[in-house]
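One line per chain: the protein sequences are A and B, in this order. Residue 237 in our numbering sits at position 63 of the first sequence, and the numbers go up by one each step. Residue 613 in our numbering sits at position 72 of the second sequence, and the numbers go up by one each step.
Since the hints were made in silico from the structure, they are not lab data. One thing to keep in mind: the hints can contain errors.
To be verified - Straight-line distance between alpha carbons at most 25 Å, and here's what the computed DSS-like set of lysine-lysine pairs gives:
(1) A:K231 <-> B:K546
(2) A:K185 <-> B:K583
(3) B:K599 <-> B:K556
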Amino acid sequence: DTGVSQDPRHKITKRGQNVTFRCDPISEHNRLYWYRQTLGQGPEFLTYFQNEAQLEKSRLLSDRFSAERPKGSFSTLEIQRTEQGDSAMYLCASSLFVGTGELFFGEGSRLTVL
Amino acid sequence: QQQVKQSPQSLIVQKGGISIINCAYENTAFDYFPWYQQFPGKGPALLIAIRPDVSEKKEGRFTISFNKSAKQFSLHIMDSQPGDSATYFCAVETSGSRLTFGEGTQLTVNP
Chain A
175 DTGVSQDPRH KITKRGQNVT FRCDPISEHN RLYWYRQTLG QGPEFLTYFQ NEAQLEKSRL
235 LSDRFSAERP KGSFSTLEIQ RTEQGDSAMY LCASSLFVGT GELFFGEGSR LTVL
Chain B
542 QQQVKQSPQS LIVQKGGISI INCAYENTAF DYFPWYQQFP GKGPALLIAI RPDVSEKKEG
602 RFTISFNKSA KQFSLHIMDS QPGDSATYFC AVETSGSRLT FGEGTQLTVN P
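Pulled out of the complex, with its shape left as it was, chain A reads as follows:
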């Protein structure tokens, strides 16, 4: 399968714990995006990378959130000191071309903070 893969698919954690999600984009795609989606809402942009450079971060991305993309391949999204409001689906997407409206999304990592 050459699609975008995310791990883990589901994560249940207690408030205050740290969690990390991993995304493996489509191999030739140089752009990688993180979005957050809550129930009944559209995905909200968090951040994106072009190769290893993080080019934009949303105001939604508080100091507790950090994303990396070492060597321009896979990416990780870490949430420190999780809060119940962090419960959501975290979606990763990748793309090769700009100006086409097309992102390839993974199936997401669902986070539940108890």
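Put chain B on the given structure of chain A with help from the hints.
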């Protein structure tokens, strides 16, 4: 913050009918206007997209109509099928392929 307003929130149509979902955007020039389809437990997937210099684009049973002056675009699904039951999101693309999504429309097509 750019805003994209989508309506209706939910839509029920009979098999063979036409499903119409509308989207309105504000302000800034955008590069592309895509529609995404999402099934439960899956990530969104691009359905069809249109450039701002085109008024209509058709792919199979799916058509986007774009009205630049009104800052509106819509998705028409002809001959709707139960397999089309999903959540549909309009989006606008800004520089860097950053997408801003609408809130979604849950479409149910009854057999």
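Results for each hint:
At roughly 23 Å between alpha-carbon atoms, K231 (chain A) and K546 (chain B) fall within 25 Å of each other, so this suggested pair holds. Between K185 (chain A) and K583 (chain B) the CA atoms are separated by roughly 16 Å; this keeps the pair inside 25 Å, and the hint holds. Under the criterion of a C-alpha separation no larger than 25 Å, the hint pairing K599 (chain B) with K556 (chain B) is consistent with the structure, at around 20 Å.
When each numbered hint is compared with the structure, no violation occurs for any of them.
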